[in-house]
Amino acid sequence: MEKILEVKGILKIYPNGVIANKDVSVDIEKNTIHAIVGENGAGKTTLMKVIFGITQPQEGEVFYKGEKINLKSPHDAIEIGIGMVHQHLMLAPDLTTAENMVLGIEPLRGKIFLNIDKAFEVTKKVSQDYGFDIPIDKKIKDLPIGIRQRVEILKALFRNAELLILDEPTTFLTPQEIDVLFNTLKDLKNHGKTIIFISHKLKEVKQIADRITVMSDAKIVTTKEASELTEHDIAYLMVGRDISFERISPPEKMGKPLLSVQNISYINDENVKLLNNVSFDIRESEILGLAGVEGNGQSELIKIITGLLKASEGNIYIKGESIKGLSPRVIREMGIAHIPEDRMGYGVADKTSLEENFIVDRYYKSPFSKIFRLIWKYITNHSRKLIEQFKILTLSSKTTVSSLSGGNIQKVVVARELSSEHEILIAAQPTRGIDVGSEEHVHNLLKNTRDAGKAIFLISADLDEILKLSTRIIVIYNGEIVAEFTDVPKISGKYLGPYMLGVKKQEAAVG
Amino acid sequence: MSPLLRSILSPEFGFAVLRVMTPLLFAALGVAISEMAGSINIALEGIMLVSAFTGVVVSAYTGSLVIALLAGLIAGIILAAMLGYFHLKLKADIILAAIALNMFASGITIFLTFIFAHDKGTTSSLRSLVFPDIHIPVIKSIPILGEILSGHNILTYGALLAVALYYIIIFKTPLGLRIRAVGQNPDAAESVGIDVNRIKLYALLLSGFFGAFGGLYLAMGYVSWFARDMTAGRGFIAIAITTLGGYLPIGTFLASLLFGTVNALAIYIASLQIPSEFVSLIPYLVTVIVLAVYSVQARRKKARKPTKAKEAV
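Top line first, the protein sequences correspond to chains B and P.
Going by my numbering, the residue at position 358 of the first sequence is 361; the numbering climbs one at a time, nothing skipped.
Going by my numbering, the residue at position 141 of the second sequence is 152; the numbering climbs one at a time, nothing skipped.
The following block holds chain P by itself, in its conformation from the complex:
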């Protein structure tokens, strides 16, 4: 067995998959919930950046993980609220507004990194706190499975709980029902007295909430510092994930798992004698391939069965 294959079949690989999947899953849930309400949020990149940065700086200055967590969440939600304000109130195109916010987030975090850490690249001079790892009692002693599932950062378990939370919000609350109705037929929602813009705003704020966790995990779990543009396109990969997952909880989780696996694979392959530029290309390449295959499939399906939904609703 080749060393690469051996290491991929090891429990450490399974562990790594869950680790790299975590920020993708959070971001994907953020994209999914806004998409459910019919507005596509491509500002997850920016949301994660401001949350990651805020979390690191606040934790370094206050020494409190709880305050850092709250600050990070608030920062992410504020950015989502700004998107809502531009799009819903000022009627700006949501894609353009989100691109602007992504660039704003990238710029302001670099600027503030320089102010606080006197370095334009990373905040490594600041002592950031990190979220703790959790060893799950019983499970950790199961061979192999224990090695894969136990000992993760608390936010990795949080991501799995977030899938459940997303499911409950969307399918078990009146808000979720309204979000779905607004996404499917805003006129129908409006005709029964639902404030469409308000529901869309709530969905965007929730999107900021999920995305903020992704950012916090990146800077205070995955590593322990903020680095410029450290999201590295995860906010966009999340869009691919949700498309593949059909915006549904389990689908989004499985798609995240797939992309997590590809990312982990890229890390493992990096140990071989392959140019690193090529290796870091793999996750993006897979994104493109998966989306292409998916949309061809979807079109075939559509051609076979014309959408009935369009005709009268």
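Only chain B is shown next, with the shape it has when bound in the complex:
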């Protein structure tokens, strides 16, 4: 089979030190639909950015139709016939389909003026050529998402794309729209086009792909014909890795429920249901682990519990009291501490000092302040104690947070949250991006917190972390709790995988 694209030995390290692609090699055969699957952060998107010229790798080569290419920008990629349909569509909302279509290569009338009739004409022609049924004179914002996506695909075809990259194209689509998209893609294949389809949804991949490449941890795990892989195989290849750690011992006894989440649903501004009837309790001395592929509603759930987002339905109780309509500060005062998943966005104010970051949740209380004055002497002492207790590496308590390493910044957040008066801890990605030593330290702190009788809700993309710490595990998929496991020591990541990817579901766990 003829290869349209060959990627050889790509190494991509981002300036912040994250290795996104390591020795990545893959061949894309002409006139196929090639799926690239992997968890978020596995390196799929980086690979696509390399192929499309958005980013340049440190090592490795890309060959297109047998020739070595060196793309400096997406524009270069478009020139040679590579098109990309981004997850967030690249369309101007107030322009019509035809206007979006010709943008950048506008037909002229009399050398100065835009020839809008010609724009309509060429748009009509290209849409007929490919059998697309799209309104060409409507504004993009008045079209449903599925149609907008077709406009975006057509835009690439109009620019003579032969290789089309679709980045998670089904994210915002309804099942019906997905069917239409898949028919379109098969049609395009019949037109001789080659399609790279990026996804983490296994069912879809099995349904549409001819060949499948699985990525994990910045590396290619395997590339195989779709017929050689089952959904279970793919799930295992994506997330099932050996677990080499010791689980912490379970708590001696658990007390009464502290946090009670009841029938929470959340529908966002775009009318997409991101959480569906989620319910669970967390008891004293219990760590409840929430496992799931990122983007399945975890972020929204955390924000709803901490008062940053309003649930569409359902209610949450802290020690029996409803938090409906309460502000994050009041909710915190009721006994919630929150290690946010977005450390730099929600965890710290990075341009200010450690001292200031330590007191943002308590500056208004005595003895941190009196009437209208901050008591700096007390604050400095308080900060020094936290720095020592949590082993934060810093020059002084007045150092700016942004000058610390990622692990130490995380410790600042953890120190503040664990030193607050709380009974429930929401720990979201508590060890993301920090070194192994700090990770161990944070894990021990979480265990100590649990042993002190507090309830912990642990949300992590790292399955090992969930398995190591949790007393009980629930799995979220597509905004629903699809499984619950109470006998944690007996289960493995491999066992959870199919639930996280929506392949399996425990009927009893729902609702």
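Incorrect hints may appear among the rest.
Said to hold, decoys possible - Below, computed lysine to any residue pairings styled on SDA-like, alpha-carbon distance capped at 25 Å:
#	chain 1	residue 1	chain 2	residue 2
1	B	K144	P	V307
2	B	K141	P	L259
3	B	K142	P	L176
4	B	K204	B	V506
5	B	K127	P	T184
6	B	K142	P	I89
7	B	K142	P	E201
8	B	K508	B	R162
9	B	K144	P	P197
10	P	K102	B	S76
11	B	K322	P	V307
12	B	K52	B	E82
13	B	K256	B	R475
14	B	K450	B	H385
15	B	K276	B	D145
16	B	K508	B	D182
17	B	K75	P	E201
18	B	K368	B	I334
19	B	K227	B	L240
20	B	K6	B	D213
21	P	K183	B	D145
22	P	K183	B	K450
23	B	K75	P	P197
24	B	K52	P	P197
25	B	K114	P	I205
26	B	K322	B	R286
27	B	K142	P	S306
28	B	K388	B	K450
29	B	K144	P	D198
30	B	K141	P	I180
31	B	K6	B	R162
32	B	K204	B	F175
33	B	K52	P	N164
34	P	K183	B	R286
35	B	K128	B	R162
36	P	K183	B	F123
37	P	K102	P	I89
38	B	K507	B	F185
39	B	K6	B	D97
40	B	K142	P	A309
Think of the hints as simulated: they come from the structure by calculation, not from any bench.
All of these numbers come straight from a predicted model, not from anything done at the bench.
Chain B is fixed; fit chain P onto it per the hints.
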């Protein structure tokens, strides 16, 4: 009928509306075109000042209206280019850069007024030329309508033509299409190989072009001298006008007409026994009220129909 009402219903009032509307309309078109490209230009105040000053001085020294016009336009466009340089090249915040340029324009024109006219207030010692008034043949003989529409300064007619020019640029040229695309979704424009910064710069230069006409009209049509800070907030009122007009040609024109009417009204009311401080407050007060009403309306509209544009684009 009260004397005030009688004078408001007279053709002279209609004439005055168009006269006071002229600089506002030019400035509003300047704001609108940069806003279309997604960068808000609050430096129209400064652009108008430097153009007004340059026009007056150049006309006094060269005796040529054409050279004065060109010099005024160039001065305005240079100030807009400076804003583009600070914002697009040096990545300064556009609001801060524009505030700095407004203060710079105010200061430098006062300074140069003193150098050239030996007076820190006005250039009345210089003999500035003015743009001519035009009497339109047929129309001038129509009763009432003729009195309102004919006999204006050439730049007042220019302002009306500028609305058409703005319409043509934005909706009938590739540049306009790109300006709109850049303003709505710069990533989309960039993804098809459009140089976003270049398009934004072009829009700012056009903004300087329109604003310069407003300044020239103020000093060489409305009056015949330059006075310190003579723009008197028109560059800011223009922002209110464009917001109200939705950055569209006809909307901007109608909103300018509304603000022109309010301004003219203020002038007429001044003839009554009302403290002049209060009277000169009226246009600004109306600006605030109109904007408040408008934004409440807009929010209600938004609440009813969530913006679809945001979800996927």
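Hint numbers not upheld by this structure, sorted from lowest to highest:
Result: hints 6, 8, 11, 22, 33, 34 and 39 break, sorted rising.
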